[in-house]
Amino acid sequence: MDQLIQHLVNTLILGGTYALLGIGLTLIFGIMNVVNFTHGALYTVGAYLMYLSVAALGLNFFLALPVAILGGLLFGAAIELLLLRPFRGSDIDTTMLVMIGAGIVLQSATLWIFGGVAKAIPSPFPEAPLDIGPVSVSWLRLFVLGAALALIAITYALINRTRLGLAMRAAFQDADTAALMGVNVRLVYTATFAIGSSLAAAAGALLGPVYVVFPQMGGLAELKAFAIVILGGLGNLKGAAIGGFILALAEELGAGYVSSGYRDAMGFLIIIAVLLYKPTGLFAKAERIG
Amino acid sequence: MSRLLPIALLAGLVVLPLALGSSPYVLNALITTGILTIGAMSLNLLLGFTGQLSLGHIAFFGIGAYVSALTSLGFDVEIGFGYRIVHEPWPAAIGVLLGILAAGACGYLIGRLSFRVRGAYFVIVTVSFAEVVRLVALNWVELTQGPLALTNIPAVTLGIPGLGTWTLRTKLQNYYLVLGTGTLCYLIIARLVGSRFGRAMRGLKENESLALSVGINAARTLTIATVISAAMAGAAGSLYAHYLRIIDPDIFQFATTVTMVIMVVAGGKGTLLGPVVGGLIFGLLPVALRPVMAPEAQWMVYGIVLIAILFVMPKGIVPGVSVLLARLRSTRSVPVLEASPAVPR
Numbered sequence: 001m002d003q004l005i006q007h008l009v010n011t012l013i014l015g016g017t018y019a020l021l022g023i024g025l026t027l028i029f030g031i032m033n034v035v036n037f038t039h040g041a042l043y044t045v046g047a048y049l050m051y052l053s054v055a056a057l058g059l060n061f062f063l064a065l066p067v068a069i070l071g072g073l074l075f076g077a078a079i080e081l082l083l084l085r086p087f088r089g090s091d092i093d094t095t096m097l098v099m100i101g102a103g104i105v106l107q108s109a110t111l112w113i114f115g116g117v118a119k120a121i122p123s124p125f126p127e128a129p130l131d132i133g134p135v136s137v138s139w140l141r142l143f144v145l146g147a148a149l150a151l152i153a154i155t156y157a158l159i160n161r162t163r164l165g166l167a168m169r170a171a172f173q174d175a176d177t178a179a180l181m182g183v184n185v186r187l188v189y190t191a192t193f194a195i196g197s198s199l200a201a202a203a204g205a206l207l208g209p210v211y212v213v214f215p216q217m218g219g220l221a222e223l224k225a226f227a228i229v230i231l232g233g234l235g236n237l238k239g240a241a242i243g244g245f246i247l248a249l250a251e252e253l254g255a256g257y258v259s260s261g262y263r264d265a266m267g268f269l270i271i272i273a274v275l276l277y278k279p280t281g282l283f284a285k286a287e288r289i290g
Numbered sequence: 001m002s003r004l005l006p007i008a009l010l011a012g013l014v015v016l017p018l019a020l021g022s023s024p025y026v027l028n029a030l031i032t033t034g035i036l037t038i039g040a041m042s043l044n045l046l047l048g049f050t051g052q053l054s055l056g057h058i059a060f061f062g063i064g065a066y067v068s069a070l071t072s073l074g075f076d077v078e079i080g081f082g083y084r085i086v087h088e089p090w091p092a093a094i095g096v097l098l099g100i101l102a103a104g105a106c107g108y109l110i111g112r113l114s115f116r117v118r119g120a121y122f123v124i125v126t127v128s129f130a131e132v133v134r135l136v137a138l139n140w141v142e143l144t145q146g147p148l149a150l151t152n153i154p155a156v157t158l159g160i161p162g163l164g165t166w167t168l169r170t171k172l173q174n175y176y177l178v179l180g181t182g183t184l185c186y187l188i189i190a191r192l193v194g195s196r197f198g199r200a201m202r203g204l205k206e207n208e209s210l211a212l213s214v215g216i217n218a219a220r221t222l223t224i225a226t227v228i229s230a231a232m233a234g235a236a237g238s239l240y241a242h243y244l245r246i247i248d249p250d251i252f253q254f255a256t257t258v259t260m261v262i263m264v265v266a267g268g269k270g271t272l273l274g275p276v277v278g279g280l281i282f283g284l285l286p287v288a289l290r291p292v293m294a295p296e297a298q299w300m301v302y303g304i305v306l307i308a309i310l311f312v313m314p315k316g317i318v319p320g321v322s323v324l325l326a327r328l329r330s331t332r333s334v335p336v337l338e339a340s341p342a343v344p345r
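So the sequence lines, in the order shown, correspond to chains A and B.
Start counting the first sequence at 1; every next residue gets the next number (my numbering).
Start counting the second sequence at 1; every next residue gets the next number (my numbering).
Treat the hints with care, since some could be wrong.
The list that follows gives simulated cross-link-like pairs (lysine-lysine, DSBU-like), each with its CA atoms no further than 35 Å apart [as the list claims (entries may be wrong)]: (1) A:K278 x A:K238; (2) A:K119 x A:K278; (3) B:K205 x A:K278; (4) B:K205 x B:K315; (5) B:K205 x A:K238.
Since the hints were made in silico from the structure, they are not lab data.
Build out the structure end to end from the sequences listed, making use of the hints.
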């Protein structure tokens, strides 16, 4: 029983960052119809920006997090402007291939610059975990959960409460009509990709200090993000948020009670189950994002 | 002219080892290039002719390699409840056949699963499938030896009744084995895309609702294409296993799938010669770049080249060059109509 509670607590903490990853990916897919194969690379970039700021530049841990998120935002905007805007209007396969190319460039650049050795990001939190009854949680992980939930809330508010969010929702429903109503759709696309990328970078910056940072870390994160997005329904934000927690639960229980070696296979099992029983995702009836 | 080109290329590849002498380094590069090119050809059957991108193609390749290797090595595994499966080694040629069948069967399951819905699902299912297969190869140590690798995989033995048998140990023999297999795959694909089934595939790619309206069963057609493509990738994988004679879970690297994708896109997806041309270029490019560049820099170049080709020559080298040739030939006369043959060569 105690073990189960511990697994549930771990699920909450892991699920927060998974939800961030999934929301970023589903946002980009829903609005732009782009399967973002740079998502994993941007997750890695976020983690390395965190490493650079804290370990190399000696910046305060809590200041480094916004730096990493801002970095993700800028990287995303640059990718959209340089690589996606010229291919606007071409089919989904072409943009997917462009994104694969960009992902390779980003990942090999990280490997080239930082080398293949895994790096640890020092955190200012005490080593001793917080013990509540039978459950123990490290302070760092609690902070990660809090930050992830805050970022999810900010994204939600951005989409539902701001003019940019209104424009994004309009572009999601019908980009042409939105353009006729005076929405600057090109700007919306750039903003969408930048925001989605910054969420991936945030997830990397948050999980980087928990584990270690290495150039290939994004590959698995990307696969997990895909599983979350399929689970929640392509383009469904609420679905991605809940999907993140469901995947985390499946991984925790799978690793705890079945086999830790197959922890990362849980996402695939979820994809299979969803495709067999509810191919449009768990939350398909919501037609609009937000 | 365009019909002669593949034959000329084949003739060139047949005499190439004689021209090069027998430098083992170059021959090795040619063999691995050939094996990857077969993978690229099989990927092109899906990506080029049906428009479905398989980003887990390395899974079919690796399954072919592992099944073939395990069949010819034998194994002794516990499957739970005290039951064990003990398998005595079988000849390598049977292993290759079983490898092809196993890869095709996996292609069937993946196709049945992911073509229930259209869109990006096939890409995501294949890419995740490849990761799961890698995890199995890594963690099922009793069967696959995990990271310790399967070693001493026997070479393929070919026999013709009445003429004797040959065990293909040398690089030169393997080169011709790969070349023969590649030619066979090329002919199968050429036959296939020219057939009624091939028209169904291309119909689905060009206009799915129109294809459906004339009675083409989309899920069935796409699944069959996936099975054939996966089986060819499995054939390439089993050749790889019996040539290198050692395989480990690293065979399932995402990078290898990406290499095949680059070969297809650069050469020209949806053309028969495209993946061969792309395969030769990008298979041999690392050999040329190795002395001047670190591997991670090479990969950056690959990514940049992929993007650049999509910018400059979105259809790929082979269609790009043939358009260029047609334009050169017709400068003095009236512009030629874009009369593309049923299957662009």
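Do the hints match the structure? See the list:
At most 35 Å may separate the alpha-carbon atoms for a hinted pair to count; K278 of chain A and K238 of chain A meet this at roughly 17 Å. Between K119 of chain A and K278 of chain A the alpha-carbon distance is near 40 Å, which puts this suggested pair outside the 35 Å criterion. With a C-alpha separation of about 25 Å, the suggested pair K205 of chain B and K278 of chain A falls inside the 35 Å cut-off, and the hint holds. A hinted pair counts as satisfied when its Cα atoms are at most 35 Å apart, and K205 of chain B with K315 of chain B qualifies at roughly 15 Å.
Proposed proximity of K205 of chain B and K238 of chain A is supported: the alpha carbons are some 32 Å apart, at most 35 Å.
The structure fails to meet hint 2 from the earlier list, while all remaining hints are met.
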